[in-house]
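Participant: Chains as they are written, first to last, in the working numbering: chain A, 415 to 919; chain B, 120 to 431; chain C, -13 to 267.
Worth double-checking, as some hints may not be accurate.
Unchecked claim - Covered, in the sense of this in silico footprint (three residues per stretch, anywhere, with C-beta under 8 angstroms from a C-beta of chain B), are these stretches of chain A:
| hint | stretch |
| --- | --- |
| 1 | 450 to 461 |
| 2 | 517 to 530 |
| 3 | 608 to 617 |
| 4 | 790 to 803 |
Derived from the structure by calculation, the hints contain no laboratory data.
These numbers come from a predicted model, not from an experiment.
Ideal placement from N, C-alpha and C gives every residue a C-beta, glycine not left out.
One letter stands for each residue in the lines below.
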Amino acid sequence: MNLKRLGRAVGLLAALTLASPAATHAEDIVRIASAYRTTTLDPALSAAAGNIETYGQLYGRLIRRAADGSLEPGLAESWAVSDDGKTVTLKIRDAKFSDGSPITADDVVFSLLRVRDLKESAYSAPLQQLAEAKAGDAQTVILTLKSAFAPFVGNLEVFNTGIVSKKDVETRGEAAFTTTPVTSGPYVVKEWRPNDRLILAANPHYWREGYPKNDGAELIEVVDDNTRVTMMIAGELDAARGVPWSQVADLKGRDGISMPLEPSTVIFMTLLNHSRAPFNDLKVRQAAAHAIDTVAVTKAMTFGYAATANTTLPGAVDFHDKDNPGLGYDVEDAKKLLKESSYDGKPATILITDSAESERLAVLLQAQWAVIGLNAKIEKVDGGVWWERVPGADYDAAPTWWYNETPDPDLAVRWALCGTCGSESYYTKYNNAKVDELTETAARELDPVKRGALYKEIQTISTEEVAQIPLYYPPYANAYGNRIKGLMMTPSLQWTLEETEVVQP
Amino acid sequence: MSRIPAIGLRLVQLLPVLIGITIVTFLLVKLSPGDPVRLMLGDRATEETVAAVRAQLGFDLPLWKQYLSYAGNLLQGDLGQSIRYRLPVLDLILGVMPRTLFLATYVLVLSIPATVILSVVAARHAGKPVDQIIRILSVIGMTIPVFWLGIMLARFLGVELGLFPVSGYGDGFIDHLHHLFLPALSTSVWLVPMLVRNLRASILEQMEADYVVASRAKGLPARYIFGRHILPNSLLPTLNLLGVMIAFLIGGSVIVEIVYAVPGLGGLMIEAVLARDYTVIQGLTLFYALGTVIVTLSVDLISTWIDPRVQL
Amino acid sequence: MSHLGLSTAVPRARSRGSIEISIGGSLLSAWLFLAIFGPSILGVDPNQIDLVAILQPPHADHWLGTDQLGRDALARILMGARIDILMSVLGVLPPLIIGVVVGLVSGYFGGWIDSILMRLVDITVAFPFLVLVIAIVGMLGPGLDNFFVALALVGWVSYARLIRARGLVLREAEFIQAARGLGYPPLYILFRHVMPKALSPIAVYAMSDAVMVMLAGASLGFVGLGVQPPTPEWGVMIADGQPFVTMGWWICLFPGMAAASLGLGFLLLSDGLAGRLGVRK
Chain A
415 MNLKRLGRAV GLLAALTLAS PAATHAEDIV RIASAYRTTT LDPALSAAAG NIETYGQLYG
475 RLIRRAADGS LEPGLAESWA VSDDGKTVTL KIRDAKFSDG SPITADDVVF SLLRVRDLKE
535 SAYSAPLQQL AEAKAGDAQT VILTLKSAFA PFVGNLEVFN TGIVSKKDVE TRGEAAFTTT
595 PVTSGPYVVK EWRPNDRLIL AANPHYWREG YPKNDGAELI EVVDDNTRVT MMIAGELDAA
655 RGVPWSQVAD LKGRDGISMP LEPSTVIFMT LLNHSRAPFN DLKVRQAAAH AIDTVAVTKA
715 MTFGYAATAN TTLPGAVDFH DKDNPGLGYD VEDAKKLLKE SSYDGKPATI LITDSAESER
775 LAVLLQAQWA VIGLNAKIEK VDGGVWWERV PGADYDAAPT WWYNETPDPD LAVRWALCGT
835 CGSESYYTKY NNAKVDELTE TAARELDPVK RGALYKEIQT ISTEEVAQIP LYYPPYANAY
895 GNRIKGLMMT PSLQWTLEET EVVQP
Chain B
120 MSRIPAIGLR LVQLLPVLIG ITIVTFLLVK LSPGDPVRLM LGDRATEETV AAVRAQLGFD
180 LPLWKQYLSY AGNLLQGDLG QSIRYRLPVL DLILGVMPRT LFLATYVLVL SIPATVILSV
240 VAARHAGKPV DQIIRILSVI GMTIPVFWLG IMLARFLGVE LGLFPVSGYG DGFIDHLHHL
300 FLPALSTSVW LVPMLVRNLR ASILEQMEAD YVVASRAKGL PARYIFGRHI LPNSLLPTLN
360 LLGVMIAFLI GGSVIVEIVY AVPGLGGLMI EAVLARDYTV IQGLTLFYAL GTVIVTLSVD
420 LISTWIDPRV QL
Chain C
-13 MSHLGLSTAV PRARSRGSIE ISIGGSLLSA WLFLAIFGPS ILGVDPNQID LVAILQPPHA
47 DHWLGTDQLG RDALARILMG ARIDILMSVL GVLPPLIIGV VVGLVSGYFG GWIDSILMRL
107 VDITVAFPFL VLVIAIVGML GPGLDNFFVA LALVGWVSYA RLIRARGLVL REAEFIQAAR
167 GLGYPPLYIL FRHVMPKALS PIAVYAMSDA VMVMLAGASL GFVGLGVQPP TPEWGVMIAD
227 GQPFVTMGWW ICLFPGMAAA SLGLGFLLLS DGLAGRLGVR K
């Protein structure tokens, strides 16, 4: 492009006056931008996006998940599950923390119990089935479960089960996590600039020989979507998380940038409040669901890059029922159902946060519900208020998204569909005793085929009863530059940073 | 003439203002809905966890007790710990402050010469096409939303022409200049018109002042009158405006900071508000207040230096 | 912040002021006309989504194209004129009234009342304008009503300062001294004699303040705290259209032009008024 050449020439001039930008990338540093911030380095304290990605780079877990989704050894070089499914014995490999001290069974027990028991632990659900953890010898950990629990070993791969140094945490206390924690994963913290970026350096004591394949990484926090895209095009980044759908085509068409659109366990849906009118009436919920042209909504929201959702579970979790026909778009049926229902014409409140995406979704819902005579008004609040009102069931509908941290659907069901599992079906107060019972049965069932059937039943019931209105399953819209190779995001929100090579320094 | 007592008096008057500011911010953040704990813990924390953390942070105490303990720490120079980051508020603020200050200074360095030149040209050709062109450009500059302009400049000057980095702060002085050029330019596009409107008007006003007419009648050269009398006298009101603008720049470059990914004070404030990070909001507000006072005081001092008739 | 800079202009030939007033005035009247009658003349629902017609460039059916939800851009801009004009009026008037009252009282009575009120001004000024507005809107919740509350809480300072300065000068003016000598009550003097004399810089400033209010509204839209959807507001239309600029040039351009022309109207009127009223600093 001529313009570009002209620009380079002028740029050279400018460079003469302003001096050249320092060549800061002499080392093989991978630069990743995301809108989500690192707010704490303590794996027990948060389950918010941003921290989830960071934990994976700092704290090694007992189990790793291979690219194909199967489980492979992590800090545990082997494990065995007893015949009754209630005891898991793990053999810890000969590995070291970033300060050079050995990782022992004591550290493992300490780390797991910390997540399970710490008062401030943000997400103890993955370890709720753990009855007792003890060290057999220095390299052996014996975990006893309350009952047989199929997803348990997989849960040892969840983001907050990384191993921390018992000695470090006990001596430094909270301060152990505020600047430079002792880590067991591929990286150590070189510098944390809160509200800006986290600078990682390779952990010289990392147990995987030859990893990480780079010298370090910068996790840069860039809140504006457009800015991330501009930075990506300008070559100031190696990867950008969350490219707006409207710019995917543009980025795909550019040299040196690829957008593989990796599968995710993200599901966009709208919560419905089952504890008050109008959505406490099954017929209103069904009418509301039939009124939405989910195919058109998917296309309008994501320019066709996402798959239309058919059940209440994310499309990428195991046992997702691909054959479920979903609720379907049928305006006449919706009108009929609404007429038969108890709906009195009072407007329902669609509660959204201040994100552009949820705003557009809300407008779409409002418009499509208006067609069948279901009135709604949109109320936009900021995240702080949203998280107060949704758990308090002070809303009628709330379009939003969630993701599952494991391919196993157990945590997903407990989070979004189980009425007695703490979150009361993602605060919708949807409560079906049969679903709750199936949740427990499925978790204890060790035969995959039988488990599949149970989860299918859960999806059938909750979709028909419109626990929530599923909308679409988006892939990750991450952009990658060709300066690096091997970086991707796993369905459980982890970067494969340690596998990443810088090919064009 | 001794200005020391006057400055001293100004500083004493500052005290009730600062107390007022702490109370206002404290109430503002405490009485607003929204829970920092929930935002901090993430989506899946249980209600019990949320309650436990709230108690640990002392949020279940009566409001006045919370304020007193806050004010007490403040007196000892302790701004407290960020609720969200569990790091000292002072560190968070000092960590980003240099960027904001650098950016604000940069903006001034770009804006002041541009303002003086454009205003003088416009005023000397008042009513002529040059003047009208400057006026129309000013209006456009003032009405373009900064975020739109920012993205356009980044895409054109940054990406298409490859002249400047589109993000970040850089390392070292020269690198800062290079990285912050687009943010500074985007801000100046909005600031210069504001100042030009003001300065042009005061120059015109001075040009018709009696003493100028008299000097002209005495036969003093026009250039001398302009450089010696009109310009210095016109600068005073603009200087005051500039003071207000600097205070504004310290916090108000938020949008530019977001667009160019240069995390500064403004961005920290917005984030803190959205995350209900009370301690950070309070700490920042105090910083802003101090900053504003320092700036206004400096402007007043410079004013007395330019025109000794001005009183502090 | 107080944006005193806008309140300036040429205290000169009245004829020039007239040209500015007429151009500015006609721009504003044109927008006022479009805001009142435009939507019904066009007869298109600004909130009607059309998922098969998203992001269409301007053509016969949609003169200014469609947005990311297939809504007609022209209909939204016309309806947005109502919102933006309302915003500039309601965003300016309450702070103006509060500021005038505070400023008059402070400047006229002086003494401890003045001290207290001016400390209040200092407190408010200490918060950066945009950040304080964002903070208040963030806490009260996004939406027009809270936006007005935030502006009223923040914006009065500039007016108070402007008018206090006038009040201080006028207090010593001969005709006021005379009125006092005649035994008129202070409040009577204040509102009957002082206020009218002090109002002209206020009127001029208010015009340019209106532009600032519109820009503040747009900035709020950018950080996600703008008007409640689906209300069409120009600033929010620009902000929401941002991710789509690479797919269509018309999305941000037209609302941007609308905002610029209304802003131009306010600013010209401000200049013209300043010329006519002979406002001095």
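Participant: Compare the structure with each hint and give your call.
Facilitator: Okay, the hints, checked on the actual structure:
1. 450 to 461: holds (count 6)
2. 517 to 530: n = 0 at 8 angstroms, threshold three: violated.
3. 608 to 617: n = 3 at 8 angstroms, threshold three: holds.
4. 790 to 803: holds (count 6)
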